[in-house]
Every structure is written in structure tokens, then in C-alpha cells.
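Each chain, letter by letter, is given below.
There are 2 protein chains.
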Amino acid sequence: MDKAKAVLLIADGLGDRPIKELGNKTPLEAAEKPNLNKLAAEGECGLMDPIAPGIRAGSDTSHLAILGYDPYTYYTGRGPFEAAGIGMDVKKGDVAFRCNFSTVDDNMLITDRRAGRINSGTDQLAAAVNGMKLSNGVEVIFKESVAHRGALILRAPGLGADITDTDPHHEGAKVLTAEPIEPTDVPSSITAAAVNEFVRKSYEILKDHPVNKERIAQGLNPANIILPRGGGIGPNMESFEDEHGLKAACVAETGLINGVARYIGMEITEVPEATGGPDSNLIAMAKAIVERLSEVDFVLCNVKGTDVAGHDDAPQVKIDMVKKLDEMIGYLMANLPANTFLVLTADHSTPCAIKDHSGDPVPIVFWGEGVRTDRCDCFGERCVTSGGLGRIRGIAVMNIITQLMNVQEKFGA
Amino acid sequence: MDKAKAVLLIADGLGDRPIKELGNKTPLEAAEKPNLNKLAAEGECGLMDPIAPGIRAGSDTSHLAILGYDPYTYYTGRGPFEAAGIGMDVKKGDVAFRCNFSTVDDNMLITDRRAGRINSGTDQLAAAVNGMKLSNGVEVIFKESVAHRGALILRAPGLGADITDTDPHHEGAKVLTAEPIEPTDVPSSITAAAVNEFVRKSYEILKDHPVNKERIAQGLNPANIILPRGGGIGPNMESFEDEHGLKAACVAETGLINGVARYIGMEITEVPEATGGPDSNLIAMAKAIVERLSEVDFVLCNVKGTDVAGHDDAPQVKIDMVKKLDEMIGYLMANLPANTFLVLTADHSTPCAIKDHSGDPVPIVFWGEGVRTDRCDCFGERCVTSGGLGRIRGIAVMNIITQLMNVQEKFGA
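Taken in sequence, the protein lines are chains R and E.
Residue numbering for the first sequence follows the working numbering, starting at 1 and increasing by one per position.
Residue numbering for the second sequence follows the working numbering, starting at 1 and increasing by one per position.
Keep in mind that the hints were calculated from the coordinates and are not lab data.
All of these numbers come straight from a predicted model, not from anything done at the bench.
Some clues are possibly wrong.
Identical chains blur together in the list; that is why a pair holds if it fits in one copy or across any two.
[As the list claims (entries may be wrong)] Cut-off 20 angstroms, straight-line C-alpha distance, at most; resulting in silico cross-link-like pairs (DMTMM-like, lysine to aspartate or glutamate):
{"#": "1", "residue 1": "K133", "residue 2": "E197"}
{"#": "2", "residue 1": "K133", "residue 2": "D112"}
{"#": "3", "residue 1": "K323", "residue 2": "D2"}
{"#": "4", "residue 1": "K25", "residue 2": "E369"}
{"#": "5", "residue 1": "K20", "residue 2": "E32"}
{"#": "6", "residue 1": "K410", "residue 2": "D162"}
{"#": "7", "residue 1": "K287", "residue 2": "D312"}
{"#": "8", "residue 1": "K410", "residue 2": "D165"}
{"#": "9", "residue 1": "K174", "residue 2": "E369"}
{"#": "10", "residue 1": "K174", "residue 2": "D106"}
{"#": "11", "residue 1": "K287", "residue 2": "E21"}
{"#": "12", "residue 1": "K287", "residue 2": "E327"}
{"#": "13", "residue 1": "K25", "residue 2": "D377"}
{"#": "14", "residue 1": "K287", "residue 2": "D106"}
{"#": "15", "residue 1": "K25", "residue 2": "E42"}
{"#": "16", "residue 1": "K207", "residue 2": "D162"}
{"#": "17", "residue 1": "K247", "residue 2": "E295"}
{"#": "18", "residue 1": "K213", "residue 2": "D356"}
{"#": "19", "residue 1": "K207", "residue 2": "E327"}
{"#": "20", "residue 1": "K3", "residue 2": "D297"}
{"#": "21", "residue 1": "K323", "residue 2": "D165"}
{"#": "22", "residue 1": "K207", "residue 2": "D374"}
{"#": "23", "residue 1": "K25", "residue 2": "D374"}
{"#": "24", "residue 1": "K287", "residue 2": "E214"}
{"#": "25", "residue 1": "K3", "residue 2": "D356"}
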């Protein structure tokens, strides 16, 4: 028999709640989805709590759990994964932040948190602050991301990450001073001091930078300060291959998911037609998955548009995304190599009514040779409760996959 | 009312996956089993993960969990249970190994890992090495088991068990030197040195032993060395009676299960007609269970033939074993004393397609006065998902039993 392979397809924020205008169906329930239903009919279905029942999961914490890493052990903030997601080499123990280029006046009052949504020249600004010297010897690595975004790594032995943000998250307020959340937390005190020095020096370096002089001349807000937030420590995690014995690639649309994948050593696959929105080309992503399976054992794929539709309270867009997902699943069922397991689920619910993540569980289906096909023949939040899996947690998903693939070491004799 | 009693019957490796040749049924689903179905109809059914969802359990780790002892806390290797299973008195802190009598040449090259499957005289060979003096004062206790097998106990304060094996597991290779897995692990270093000295001295003692001279004269491979493997520390577990308040006996067919039971203080019941294979006399075992219940509160029974059939990829043999199990259950339902709870489950799945343990969950049914009988009326991997239990873990089983029996202490007021 061919060597077993597996695809874990996560439709971001797919889960929802009943919507009156849809006849009290969820978008997933309301959508036409012959292939998803076929997958359910041929597979084993159930409900999944990404973290635990009722917990509102983030995409990062949920992906960690589903990939076999307990987020309560490993997660201290999204910074390390954001930084890894834009190609930065985050090391264990680094403290990493997502950052905004912002505009402040002479009194450190924020006049524009996104510096006029600056979309060029941030590479030059980043180069100007990258490698700056801090008085306590903490190493500074900075890189720009898309638009006004960037990421900062602080590197030194024994840093902590439990500090308050410098970004007040609204305009008209002053830049905040980062402080350790617990005053007695020395490692985080060192980090807070480094962050404050970084922010101050970023202003000194950027305020008269040619890129900003040019912006001011054009009547644009200058990107004259950098505000870090969401700091976290690069967690001490085994690589995915060491953890599960599977060579893996990731096909995803967002930096955060690519960052999680890259941090645990998955190969990142760029799909130019994958936009991260409802207009994304999911068939192109499906083709990339099939292609990558010729070289790796496992592909993680994250489709983002379902989540976007939920955040936008756009049930019809979510229904349309489900239809695209249905075509994608149809393509995969027809084109995956023999002896490949396909697992479809979500990382959390993003109900249109909430416009944000909720703690509602999500449907999951395991499909492939040998699964205990059950009587559930539709893929929806409620109909999967008639499936054979019952209600499982995200942390179990990789164990179920590796045991189906028969590549998991036995515990005991 | 009569004092409550309970029987926990574990059909080893009973769980399976759908098999095409059986019309996509599992052997358990395909077998005629009127008594099992009656048990399910009268009882409360569900799925059980012996350890946790997706975890490939061994028989030893699974039995520990099902008996109420978390294997992640207590399990370091099968050695202590193998040793206890052949009647050795394993104490907490002992490091115990399963061993092979093997044949080596003058260069310590293994020419026969099983010493011609020697089947007599090992008691004399064991007596010759038992009690040997080691230079570091570690006490040596050795006992022969069936055929070429035996078990070794090393006894001294502060030994570790995280060492590599001396047995290369194939012929034509040299005897390996045991080493601590972590070089800085001093307790395991002491054990490794003791093991290496034991192996070397076993050769010195056995090579010219009269039993081996006689074997060589007959053209048989001499059992001239002993190779320990699978070392583990005798865990610091409460006895079953202290843990659960139940005087208990075990009716099982394998040394490993008898060893687990004996280690936690259960009385071992030998049933001569219990062979450990598909030809075993399960009615004789059922009779032994009923008999033991006149003296004890609880009987653990393990039937091995279902697992053997799975390892052999013999679906029809597994079906036949289910039929025998069905007769056994019929006997028990008719003959158990009043107010006895009967719990039927498996310690893991051993799918014929895998020929080894898998991480698929197993069916479980609780039967007896007061259980919440549900609408599930058949005992199979998939139909029990309609039962009232949902999906539980092995570690919960004894708690459910003792609360049904009303002998569990209340937690709180």
C-alpha cells in the first residue's frame, strides 16, 4: 500500500450560529454543499472544541492545539508567530511583537495609529531602526510587513513577555509606557525597559527620515514612531516533524497561520491566487496541496474567507465561501493521492451575529481508508452530532490522524 | 440487598475498523452476538478511549488506566509487570526487565536470540545466575518464564530505568552495551552498569553450565547468555484494595495482565483451560469468575484471543472469538450473583488491517441494577455511539463502577 499521507484543511471561523434570515440555519447549514456532504457520508463526523468547551479560541491558539501543542503550555502572545509569518527567524526565548508604524506629534500624542496607512518606504524605515543599540544590550531585530505593519524581536538571555502595551489602541492618546504586569517580574521589567527605549529611539530615528520628510511634503502623515504590542516569548516547542514524525508543508493565506507553521518547521507554500479574502482561489490552493503531497507526508491548509465573512456579519458571503470550499473539497477528493486521509474542520466559530470568534464548537470529519464511517451524511454544526466521533478536543486531532496513518508510536506494550 | 459486586471483562484488542470483505463491518459488528446485544440493550453504552482520543495504547498502559492508575504517572516500562506476572515479588523502586536466553559466539555475536527456543532446563540456568554478586552491590533476582523467556529484577536504592537495551533485536549483531539515555542521569547510569555486568557474568556462568553442555552435545544452540530489555521501575502505586476499597481477583490469560493485577495486589486465578489463544475455554473462565465472586468484591478478566486474531489479520477468527465471548457473556448474565455489575469493554483496538494496536476508541457497556439503560441495543464500535455514555476515558471506568456499586467516598459534602 502507498505510504499514508494526510491533509488537514481548516476553514477559518467556519462555525456559526442559527441566523433568523436563513430560516434559523447557519451559513454552513444553509449552503449547497454536495461534496462536503459526501465527505461526511463517507467519513467519521463529530464536534470539536478547539481548546475546550466554551473557550473562545484565537486562530493561533487553536492552530497550536489542533497541531498537537497545548496552547496553555506554549502560548504567551501572537508576536512570535506574526514575526515568523513575515519570514523572521524567531528563536526560542526571543520576545517578539507585532508593531504599527504610527504618527505622533511632538508631545507623543498619537494622531494616526496607522501613519496614513503608509504603503511604501517602510522597508527603508525598518532598515533604519533594525539593529539599533539599546543600553541594556538587548538585540533589536525589526522588519516591515504589509502597509503600516511590522514585527520586532528583542533578543537577550532571560527576557520576559508579561508587559503592558505601548499602543493605547486609539488616537488622541499619548504613547503608553510599557510596564511589567507584575512589578516583581524582573525578566519582564527588562523587556519593558527595552521596549520603551526602542519606542523612544524609533521616534528619534524616524522623525527626520527622508521617507517621512517626503511624506510630509506630500501632505501625508509621517510614520515617525513604532508601537509594539502583543508581545510573546518564542515557545520551546518541538518541531512538527519531531513531534509527529511527519514532514509537513503549509498552504495558508495569513501571516499568523504561516507563522505558526513556520515556527514548527513546516515548509511554507505561497499560492499567488490565495488572497485571504472571499475572492480567494481555493482551487489553486487545492492544486498546491496535491502538488506538495508529492514531497511531504502532511499538508496543513487554512482558508481564511469564511472567517472574514463572519467578522463582516455577511451571511451570504459566508454561504458563498462554503460553496467555494465545497468545490475545493470535491477537487481534493478526486485528486488526492491514494491512501491519503483528509480532515476538514474549523479553528473556531466566527458567528455573523458576533462579528468575532465565539466559543461554539465546530464540525469535524475524518475521511480515508479504514475510518469508521458513521450514519452522519451532512457536514454542519448540528448534523455532525449524529456522527461517531462524539465531541473531541483540538489537542486530539493530530493523535487521531497519526493513528489512522499508523505512524504513531505505541504507548506501552 | 446483597452486597454489590462487579466484573470488569476486557476483550483484549476487540475494537477494529470496517473491513471490506465483511461488507464494511468490523468483526464485532459482523458476528452474531445475541447476548452481547442483550447486554447492550439492558445496559448503558458508549465509546471509550483507553488513554485519550487517538492514543495507541499498550495492554499494560491501558489496563493501568482502566483500573484507575494514570499510566503517564506510573508507567516506565513493561518489565515490572512481566516480572510480577511470573510470580516474582517486584517491590517499589525495583528495576525489572523482561529477558531472553540467547546464544552468542565467543565474540558476543548473537547467533540465536531465542537459544533454539529452549524449553527445558531454564530453571537450572536461572538458579545459576539468580543472586549473583555485582560489584556495585545491586541485588540480582532472576527467574525463568516460558520457553526462552525470563525476568530480571535489579534491587538497590535509587536506581533509574531510562537505559538503552542490550538486545539488538536481531541476529548477527553484537550484544549491545546498556547506556543511560541521558548521560547526566546518574540513577540510570548505575542501572546500566549493573545490567552490563549482569549480561557479562551470565555468559561466564552459563557458557559451561551442564544444561548447555548437554544441549551442545545434542546439536542444540546453548542458552549461554541472558539479554534484558524493556526495563521499568516498580511504580509507587496504591494497592487496588486501598485505591478502590474492593477486594479483587484477576482471571487472565497472559503474564503481562496477571503481572499488572498482581502488582496492585489482586489475587491471581489460574484457569488451566485458558490458553491465551482463540482456542481458549471462555466458559471455564466465566465459571472461575463466578466462583471467585463468592470471596471477592471485584473480578478483572482479560480474554486474549480477540487481540491475537487482530495481530494475525484473521477477521474470521476474530468473529469466532466474538461468538465465544457472546456465550461467555450469556453464561455470566445467567449466573452472576444478584447485585453484580458487569462491564464489558476492550483495552484497545487491534484492527486486522493494522495487525497491531491502533488508537481507535472501543465500545463499553455498564450493566446491572440501576444503570441508566439507553436506547442502544447492540454492542459494536459504531452502534454504541447512540448510547447514553457518550465518549469516556479509561481512567473514568473504575470511578463509574464504584459509584454504581455505591462504595465510593464522596468528594465534598
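Results of checking the hints against the structure:
1. Taking the closest pair of Cα atoms, K133 and E197 come within 20 angstroms of each other only inside a single copy of the chain (10 angstroms); across copies the shortest separation is 58 angstroms, beyond that limit.
2. For a Cα distance limit of 20 angstroms, the shortest separation of K133 from D112 qualifies neither inside one copy, at 27 angstroms, nor across copies, at 67 angstroms.
3. Within a single copy, K323 and D2 get their C-alpha atoms no closer than 31 angstroms, and across copies no closer than 34 angstroms, so neither meets the 20 angstroms cut-off.
4. Proximity of K25 to E369 under the C-alpha cut-off of 20 angstroms is restricted to the inter-copy arrangement: shortest distance 13 angstroms between copies versus 32 angstroms within a copy.
5. Taking the shortest Cα distances, K20 and E32 sit within 20 angstroms of each other inside one copy (18 angstroms), while across copies they are farther apart (31 angstroms).
6. Taking identical chains as interchangeable, the C-alpha atoms of K410 and D162 lie at most 20 angstroms apart only when they sit on different chains, with a minimum of 17 angstroms there against 38 angstroms within one chain.
7. Taking identical chains as interchangeable, the C-alpha atoms of K287 and D312 are never at most 20 angstroms apart, the minima being 28 angstroms within one chain and 39 angstroms between chains.
8. Taking CA atoms no more than 20 angstroms apart as the test, K410 paired with D165 passes between copies only; the shortest distance there is 17 angstroms, against 45 angstroms inside one copy.
9. Taking identical chains as interchangeable, the C-alpha atoms of K174 and E369 are never at most 20 angstroms apart, the minima being 60 angstroms within one chain and 41 angstroms between chains.
10. In this homomeric assembly, K174 and D106 come within 20 angstroms of each other (Cα to Cα) only inside a single copy, at 11 angstroms, whereas the closest approach across copies is 77 angstroms.
11. For a Cα distance limit of 20 angstroms, the shortest separation of K287 from E21 qualifies neither inside one copy, at 35 angstroms, nor across copies, at 34 angstroms.
12. Taking the shortest alpha-carbon separations for K287 and E327, only the intra-copy value of 12 angstroms comes in at or below 20 angstroms, while the best inter-copy value is 54 angstroms.
13. Taking the shortest alpha-carbon separations for K25 and D377, both the intra-copy value of 17 angstroms and the inter-copy value of 18 angstroms come in at or below 20 angstroms.
14. Proximity of K287 to D106 under the C-alpha cut-off of 20 angstroms is found in neither arrangement, the shortest distances being 52 angstroms within a copy and 60 angstroms between copies.
15. When the C-alpha separation of K25 and E42 is checked against a cutoff of 20 angstroms, the pair qualifies only between copies, where the shortest distance is 14 angstroms, while the shortest distance within a copy is 23 angstroms.
16. Within a single copy, K207 and D162 get their C-alpha atoms no closer than 29 angstroms, and across copies no closer than 60 angstroms, so neither meets the 20 angstroms cut-off.
17. Taking the shortest Cα distances, K247 and E295 sit within 20 angstroms of each other inside one copy (8 angstroms), while across copies they are farther apart (56 angstroms).
18. When the C-alpha separation of K213 and D356 is checked against a cutoff of 20 angstroms, the pair qualifies neither within a copy, at 39 angstroms, nor between copies, at 70 angstroms.
19. Proximity of K207 to E327 under the C-alpha cut-off of 20 angstroms is found in neither arrangement, the shortest distances being 50 angstroms within a copy and 71 angstroms between copies.
20. Taking the closest pair of Cα atoms, K3 and D297 come within 20 angstroms of each other only inside a single copy of the chain (8 angstroms); across copies the shortest separation is 49 angstroms, beyond that limit.
21. In this homomeric assembly, K323 and D165 never come within 20 angstroms of each other (Cα to Cα): the closest approach is 40 angstroms inside a single copy and 55 angstroms across copies.
22. Taking the closest pair of Cα atoms, K207 and D374 never come within 20 angstroms of each other, the shortest separation being 64 angstroms inside a single copy and 60 angstroms across copies.
23. In this assembly of identical chains, the alpha carbons of K25 and D374 lie at most 20 angstroms apart only when taken from different copies (11 angstroms versus 23 angstroms within one copy).
24. Taking the shortest alpha-carbon separations for K287 and E214, neither the intra-copy value of 44 angstroms nor the inter-copy value of 69 angstroms comes in at or below 20 angstroms.
25. Within a single copy, K3 and D356 get their C-alpha atoms only as close as 40 angstroms, which misses the 20 angstroms cut-off; across copies the closest is 17 angstroms, which meets it.
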